[in-house]
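Turn these sequences into a full structure, and let the hints steer you where they fit.
2 protein chains.
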Amino acid sequence: MTQINRRRLFGLGAAGVAAVGAGALATQTLTEGTAPAAADATAAPVPFYGEHQAGIVTPAQDRLHFVSFDVVTKERAELIDMLQEWTAAAARMTQGKDAGTFGALGGSPEAPPDDTGEALGLPASGLTLTIGFGPSLFDDRFGLKSRRPAALADLPKFPGDDLRPEISGGDICVQACAHDPQVAVHAIRNLARIGFGKVSVRWSQLGFGRTSSTSRAQATPRNLMGFKDGTNNLKLEDAAMLRDQLWVAPSDGAAWMAGGSYLVTRKIRMNIETWDRAPLSEQEQIFGRNKGEGAPLGGHKEFDEPDFAARGAGGTPVIADDAHVRLAHPSTHGGARLLRRGYNYVDGSDGLGRLDAGLFFIAYQRDPRKQFVPIQRMLARSDSLNEYIKHISSGLFACPPGLRDAGDYWGRTLFT
Amino acid sequence: MTQINRRRLFGLGAAGVAAVGAGALATQTLTEGTAPAAADATAAPVPFYGEHQAGIVTPAQDRLHFVSFDVVTKERAELIDMLQEWTAAAARMTQGKDAGTFGALGGSPEAPPDDTGEALGLPASGLTLTIGFGPSLFDDRFGLKSRRPAALADLPKFPGDDLRPEISGGDICVQACAHDPQVAVHAIRNLARIGFGKVSVRWSQLGFGRTSSTSRAQATPRNLMGFKDGTNNLKLEDAAMLRDQLWVAPSDGAAWMAGGSYLVTRKIRMNIETWDRAPLSEQEQIFGRNKGEGAPLGGHKEFDEPDFAARGAGGTPVIADDAHVRLAHPSTHGGARLLRRGYNYVDGSDGLGRLDAGLFFIAYQRDPRKQFVPIQRMLARSDSLNEYIKHISSGLFACPPGLRDAGDYWGRTLFT
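Order-wise, the sequence lines are chains A and B.
The opening position of the first sequence corresponds to residue 1 in the working numbering, with each subsequent residue numbered one higher.
The opening position of the second sequence corresponds to residue 1 in the working numbering, with each subsequent residue numbered one higher.
Heads up, incomplete: computed chain A residues facing chain B, CB under 8 Å, no partners named:
(1) PRO109
(2) VAL185
(3) SER200
(4) SER204
(5) ARG222
(6) VAL346
(7) GLY348
(8) GLY351
Which residues of chain B face chain A? A partial, calculated answer using Cβ under 8 Å:
(9) PRO113
(10) GLY117
(11) GLU118
(12) LEU120
(13) VAL185
(14) TRP203
(15) LEU206
(16) PHE208
(17) GLY209
(18) GLY226
(19) PRO279
(20) SER281
(21) ASN344
(22) VAL346
(23) LEU355
Simulated from the structure, these hints should not be mistaken for laboratory data.
Glycine residues also receive a C-beta, built at the ideal position from the N, C-alpha and C atoms.
Right, dumping it as structure tokens:
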């Protein structure tokens, strides 16, 4: 299968010549003609191989296409074959390369193209593809029952949950993040195409405008409630904290997960229109932060530590007992943290005159039983934000460690 | 209402100081901290005032949030008031300014914020807001019956149409285009918020990865079928052609529309998975172009004129009689053209294992009766592409001319 660098191919297309080369010219043409991201660092590829999967501590890209598959083949060998094919495709796509089979560039015109083509001419755009295996994969079908990690325990039902099964769960997930949505969509679509007959798309979700920063080099973005959220997120610079809270250690049991991480997804619908009519003071009380600066109430700057003991006039807490920042704060949970990298979503409108919008929450962690579950249990019970939000989907996945090299494949540590 | 420049406010936030100023520093902080678009020309504002509305020939931005509203107030005066409020908000938002009422920056904490806040810190991002009035606005409610332009005739039903009424039509549309989806979403949401009680969201659509170029400075992008489409689009550089085909002339009747344009939207679902399994040669026959380069079959370069008379071995046409490029070509329609500025969409998956994806088609023109209708009639009857697509929503709107200055408002020429 011929591999074509997208930039180079695009240069060909734009110049309309049949010879390969002239890299600088090609790049320049690309920059002028296509997505705004092309001119800057966000066009560059993210390394695919490494100790951990990319797309976890990678500085959060701006766009998401998340997919959950059901495995439909009953053959373990066929599933492994597909994972190997996926891995090769992911290694290629994340580096901005398509399988090039169009026209004069090779491939048979009598066969379907090896690549769907809509990302031709677009750079790598920071694409990362991150795979995870859901609890349902560890049933009787593939002989994986004994490999299920204890930490991959089904999530409990939380108060207020209004989960829709058809957009929850799944055997395998892939998180595609990129700075260009066309690149993220292209990647998921081509995995679905490769997996045809072996997996079936159960649900998928587009997201934009990341709602967390995963690096100190990124400013904290705003969610659709207009607030900076995730100020206290785990960040890639905190190596000791990541070892403690993010990456599965060999001693954690389920040796195949060492170097991996557990992923929880929650689709959280926001009652946007009701929220927009709430007074500013109420909004700020609910978050426990001011809206403009993002500072904890009583503080001045975003990264000021919240003073949960502070009392105002009449002795009432400055940060309310049910404020989001208090209930979600690590100090409330014995230091437990999450690495969040969620995205806003807008799925059009709901037929009742309201935007169908909210937060697609994504959190990675070493053990959900000690991190997401207790944190969410408290939030679900007491968070004053609950009046304005509803959890409508839930996912839990074991994301294995990174790939060593081109001989490695997604799921190797699990299947061998 | 205090107006705050987003860049400046963001600078404040990031630096955590309480003094206004230091524009250069603020901009630099912004560039480091937020969307990739911020560093380049796509961050800049597009002028709001002018002879024509922005967002039509404006070089197509990369992201779309399109909304269609039903008017729920019965009061003409209330509708006009809202349009004036919308205009003021649009003038502000397109220039990257929010109504600033957060925290120390002014506004009452006991009132809902004047702005929802999620675009604070983001630059203008090339935001354009383009308004249009649908046929249903010209019923008995607002005394507009006699003002309905003849060119705003209801579209006929086309063969194969599978339109869903709940995502079709509407009294008023607003097209928001920007290089940052958060900015486009923010704008529509704030118009909906301002219009609360007077209008209700009927449907809305997010789009990404424009599928047309509206300027010779832009390369032709690819649709989700992987093909370059819209090569022959009307472009802003073609002044004589725009006069002839895009802008309503005073002599066209309906004087209030002079300088405006008619908008047709069609949501076109693609059978992505079936398409992806079609042989390359079939895909290329259907479009009448090759996939890699976008050249018409028998030609070499994208912008080569298709040779519809060319015959291959055995006398069969090189470009099939039912090829898309032939049926949509201006020469097939007495020179009729459209200014297309559509977007790809992916609305998740459809519950049957398939991506719910396709093209949100947007076309502007001087008279749909002479342009969209005859072109689509022929395509709907004969286009070999029909096997892979289905039209599921339709919209038609009269987009008035541009605004002269801050004293003008959306709909003035219609309501006075």
